[in-house]
Structure formats: structure tokens, C-alpha cells
Amino acid sequence: MFTRITSLIVKEFLQVFRDPRMKFVIFVSPVVQVLIFGYAATMDITNVPTAVYDLDNTKESRDIIRDFSYSKYFDIQNYLQKEEDIDYVMDRARIKAVIKFNRGFAQDLTGNNTAHMQIIVDGTDSNAAQIILSYSGTIIANYNAKALKERTEIFLKRKNVYPVVDLRDREWFNENLYSKNFYLPGVIAMIVTLMSLILTSMAIVREKEIGTMEQLIVSPIKPIELIMGKITPFGIIAIVQMVMIAVVGVLWFKIPCRGSIPLLFGATLVYLLTSLGIGLFISTISSTQQEAMMSVFLFYFPAILLSGFAYPVANMPGWIQVITTLNPLKYYLVILRSIFLKGVGFLVLWDELLVLLVMGAAVIILSAFRFRKSLG
Amino acid sequence: MNLGRTKAIFKKEFIQIWRDPRSLALAFAIPMLLLVLFGYALSLDIDNIPMAVWNQDGSQTSIRFLDNFKLSKYFNIIGYYDNYPAMEHLIDKGTAMIAMVIPKHFSKYIQSNGVAPLQVIIDGSDSNTAQIVLGYVNSIVSSYNQKFMKDALAVNSITNSTPVDLRSRIWFNQDLDSKLFIVPGLIAIIMMIIAALLTSLTIAREWERGTMEQLISTPVRNVELIIGKFAPYFVIGFIDLVISVLTGILLFGVPLRGSPVLLFITSGIFLTGALMLGIYISVAAKSQLMACQMAILTSFLPTFMLSGFTYEIFNMPKWVQYVTYLVPARYFIVILRGIYLKGVGMEALWPNILAMLIFSFIAVRLAIMKFKKKVA
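Just so you know, the protein sequences line up as chains A and B, in that order.
Count the first sequence with the working numbering and you get residues 1 to 376, in order.
Count the second sequence with the working numbering and you get residues 1001 to 1376, in order.
Incorrect hints may appear among the rest.
Stated by the list, open to error - Straight-line Cα separation of at most 16 Å, EDC-like style, residue types lysine to aspartate or glutamate; simulated pairs: (1) B/K1370 - B/E1224; (2) A/K208 - A/E12; (3) B/K1007 - B/E1224; (4) B/K1073 - B/D1047; (5) A/K373 - A/E214; (6) B/K1286 - A/D19; (7) A/K11 - A/E225; (8) B/K1104 - B/D1082; (9) A/K149 - B/D1151; (10) B/K1318 - A/D75; (11) B/K1373 - B/E1213; (12) A/K82 - A/D56; (13) A/K11 - A/E207; (14) B/K1150 - A/E150; (15) B/K1150 - A/E153.
No wet-lab data here; the hints were simulated from the structure.
The structure presented is a predicted model; accordingly, all values stated were derived computationally and were not measured.
This is chain A alone, in the form it adopts within the complex (with noise of 0.2 Å):
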């Protein structure tokens, strides 16, 4: 039986590595993609384009437009000297925000006045316009608590007088709120699962398309055995990447990784066995590779969004966050940022683990019954 799953598991390989090019795309592409990626995958929001349109032009506006620039978060690039460049600017995309200060905006503030100025928000990317927003919100507000104290030791004629709550605030798990240290877990889930559901359902549907699949049923290897041959390569080939991946994360980007590494390989292994098990069913399913391709990413789409990579469960609305309940890529992402970023153990994450464990049976036999069926 073992020499017989062996053969196969040759064959198969021998068949993937035939093209030379197939040995770029599966050993050297992912790397420079989690290259690319890695620096390309931030959802930080710093050196926004800006644009300054300042009729007061006095110290105080300056100093205000200084606080803007010295943060890192707003980057200004040009001075607009006519009200229509703001349109200019912004209908061409170059420019995310405008601030703005009418005249008369020193003299308010140095008579004790409200002072008004404006900001103009690109509000098509409404995500970062939020944010946006709430830099240039902290910044003002930070200028006029420093304002606002000078005025009060003034009139109440006291020295230092301190803001009345101060916030410590501490991060966990990621002190610097670096997101490529969140994203990089995700990007290995990404690639792994593609891979692993394009080459196992397409390797066995080409068998079928060019006829070759007969030639493996009147051969006396047995259907179980076809099975585990078929898998085995690409479950390799998978590991092998995320290896790959997840040494590139930590001796370039510096990712931490805190957990247990054969933590790290057992969860993968469990998760392969779902994710080549849904290939391996896809390939049931298909009877042309196109159709085999293009049930894979009818799969993939669905299993990436909602699976927390980009875009937080927590903000999905209820519906939806039950059904990602049956996502197993929302469970091995857990799994993954928990040992890079928090490494915890075996101990917080073993319902993770049981769950990707049911799911993978459950798929594997579902997948190898109709496997059988469809040979006979």
C-alpha cells in the first residue's frame, strides 16, 4: 500500500515540477509577495496629501500648520493661493484634505474669541476621512488645551494648572500598532489556502479532461489510496510555503513570534486537512478545470473577506457573523495571530483546534465518499 501511495506521490510531483516555471511560482513567488505585500497591506493612515489655503497668514495660523506637519500623520504638499485650486486639487484625487483659515483668524484668538478655521476631508475613502478627521480633531484639541490652560492661569491667576484626567494608555501584543505584524499572520492564511485549493482541485480534475483518470482506476491502487496520494504532495508543498513565509515575516519584517512553533505546524496541518479537503471536493464537483478555477474562488472570496483578514468580524452585522462561524479561515487566522502576536498556547486555542479538527474530518470524508462515487 505505502510503495503504491509513493508512486503516486512521485508521479505527482514530477508532474507539478515539470514546467520549470511552476518552481518560481510555488517556491519563490510567495516570498515576493509577502516582500511586496507586506509593506503594501497597511491599514495605518500617515502622510496624508494635504493642501493649506491660508488668507490669515499670521503667526498663530502658522504655528496651528506647523502642528499639522511636525505630526506624522499629515503630509503638506502645497500652498493654494485661489479658492477654485481647492476644487482643482481635490477633483483630481492629489490631495485628501484642505485646511483652511479665513482672515481675522489671529485676531480672534488673541481676544480671547473663538477663533474658526476649516478642514476639508476627502470623504470618498469614508474609512480614512474617519480618521482623518480624528487626527486633525486630537490636534486642535491639543492646541487648544494648551490655549485654553494659558487662559485659565491668566485669569485665575494660579501657575500650572494641569489637565484634570491623564491618559496612560497602553497597547498589547503589538506595542507599536505596527499592521503589518496583524496582516502578516493573515497573508500566509491567504496564500497557503490558495494554493493548496487551486493545485489539489485542478491536479486531479486535469486527470479527468485529458482522460488519464481512466488509466488510474484500472491500475490496483485503491480509491483511498488515490486519495492520500493526491492530497499528500500539496498538504507538502503548503507546509513548505507557510516555512517559507513565516521566515521571511520574522527575519525581515521582524514579526514577533511568541508562541510554540510545533503549535504552529500541528494547527496548520489540522487546517490543511479542511482546506485540501474542500479542494479535493471542489475537484468532485468540476469536470473542467475552468470550472474546478472558478469554484475554487467562489469558495476563496467569501472565505477571505469574512474571515476577519481586512475587515473585523465584530463590525459584520449579526447574520453574517453566524455564518462565519463555519468559516474555517476566520479559525486558523485566530489561531495564527494568537501565536505570532500573543503566544498563547494550546490552552486558550484548543476550541480553535477542535473545531478546524471536526471541520476537517467532516470535509475529508464527506469529499473521499464522493471521491469513490464519482470513480465508480
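Position chain B relative to chain A; hints supplied.
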């Protein structure tokens, strides 16, 4: 070029698509699925943040301070605790996003004009969410502080004492509805995915099945073959476009402020480029598995990650920003958002339209050249 022969290839390809109704159904199901997911399920807006509280003080002042959090829609106090381990566990499990500790003598500090240290612990795993949460906490605390100082000033009969009043105006998407931002961008994603998935396999399939040789031996010319292969998929892609536009307007209420004619013309240019890129891949790959991998690497992943759809381009490091210039969807997304939300036309969008024309032209040239070389 002979119109009759082109039509014959077109018909053959169409029959082949028609015979694989599942693939055809998926070509419409995947865009619909993406639209529904993005329209209903995914949101980056953050509210109802689960918060754990340890009130060591318990005084009236501290309870009133907490009311500020209770009353804001952003926080949801999930419980009160009296030790660190309990709160640590909640954050480890992800049940609480933020833990707040109000120190002993909180009210005494405040009444004696001292500074009361307030401790908050935030789960920083998701740095983007953490930053927004921190911003909310900051603004609640600073408005509490300011109210205190203003009250002190009011005692001395000085009212109206906010130094700077920041008025923000949001253009193009006043309600900061993330749907208005996502749906137009999604059209580019859908076009690219469908085009690449469908055409990348079409010629590779002929190679793999050995029918390419038959096609070559017929009098049909290269250009006729490519156009005959291209046209049916252009029709499918265009139907997808119309579906997406209609769903966006009718179901999600995304306003189409600019010219629909310009929208369809620019989409046609983009679709042509994307389909031709798929055909180029298909000719170069020769096997369907390879074609599928190449399509994912060159079209799906860059479009999803580097086009500005998921992640803002201005946030990326400079060298990644240069890489994004090679991603055609980058230009198309600016055009789509410009036409939809800003209602601008040629005068603002011509550089992007020009870039897309160049991309499509190169893709057409490449496909035809590669084809000539392979066949000869």
C-alpha cells in the same frame, strides 16, 4: 482579416462556453457574491467596542466619568471586574478590546486640583482598530478635561472660551458611507478577476487537449483567432459591468454623478486590456494550471492589494508606490471613483485614461506577438 472566419471562431468559442453552463453561471455568480458581501457584510466602521472596567475608586465622580463612555455609541461596557487576571483573560480571548482601570482616590485627585492617572489597556493586534479606539478614548477624556477648565473660567464669568473651533467639511461622501467608496472600486476588481479567470484558460486548454494544432492547420489567421476568442468574453465582461453598475445604483444607492457614457467607454478600454492580458498568459502558459497561477499572480493579487482598493497607496513606502504604477486597476479605480462620487469628466481624468489606453495597447500587442511566436 476575414470577418467570416472570425465569426466562426467566435461561434465555436461561444458554443464551448454555453456547453459548460456551470462556468458561465459562476462568471455571473462571483461578481454578484462580491457585490453582496461588500455591500452588506463588510464595514470598517468601528462602534460598540467591548470594554472591561475595573473601578478601584467607586466614587460618584468616577461613575459620572464612566457615564461619558457609556453614553457614547462607540463603547459597550461588558462588565466590571476587580483584578488584573480576569481582565487579562478577556483581552487574551479577544472578548474585550479595551480594559480601563480607574485608580483609587480618583475623585480626591480631581477635587484637590491634582492629576488623576487613568489607565487603559488596548488590544493592539489590529493596529488600525486600536488606533481608532485610542482616538475615541482620547477625545472623551480631553472633552472631560476641557469642560472642567471651562467651568473654572465660567466661574470668573468668562464664557465662550474655546480658543479654536475646527469645522470639518466632508466632500463627495458626506455621510462617510463606506459602500459609496467600495462599490465603484469593486467594479475594477470584478472586471479584472473575471477577465483573467475566463480568458487565461481558453488557449491553454486548446494546447492541453491538443486541439490547438487543428486550429493552426485551418486557414484562420492569428488576429482572427485572437479576436474570435476575445469577443465572447468581452460580451460576458460587459454584462458583468452592467450588472455591477445597476446593483450599485439600485440596491446600494451609490450615486452616479458623472457621465454614464464615459463610465462605459473607460470600462471597455480596461476590459480590453484585462482580457488581452489573460490571452497573453494563456498563450504563454500552455498548461491550464500554470495559466491559472500566472493569472492569479499577475492580475488578481496585484489588483486586490496594490490598486488602492483595499489599502491606500499614499501609505505605502515609495518603492511600492512606484510598483503600483504598473497595476492598471490603479488608474481605473481613480476613474471610477471620480465619475461616481466626484462627478468629474475628461478634464480631470485624462491622465488616468491615457495610462489605461497605453496599458490596453501594450496588452493587445503582447498577446498578438506572443501568439505569432508560439505558433510559428
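These are the hints, each one checked on the structure:
no., hint, in the structure
1, B/K1370 - B/E1224, "holds (15 Å)"
2, A/K208 - A/E12, "holds (15 Å)"
3, B/K1007 - B/E1224, "holds (9 Å)"
4, B/K1073 - B/D1047, "holds (6 Å)"
5, A/K373 - A/E214, "holds (14 Å)"
6, B/K1286 - A/D19, "holds (10 Å)"
7, A/K11 - A/E225, "holds (14 Å)"
8, B/K1104 - B/D1082, "holds (12 Å)"
9, A/K149 - B/D1151, "holds (12 Å)"
10, B/K1318 - A/D75, "holds (14 Å)"
11, B/K1373 - B/E1213, "holds (14 Å)"
12, A/K82 - A/D56, "holds (13 Å)"
13, A/K11 - A/E207, "holds (12 Å)"
14, B/K1150 - A/E150, "holds (12 Å)"
15, B/K1150 - A/E153, "holds (12 Å)"
Checked against the numbered hints above, the structure breaks none of them.
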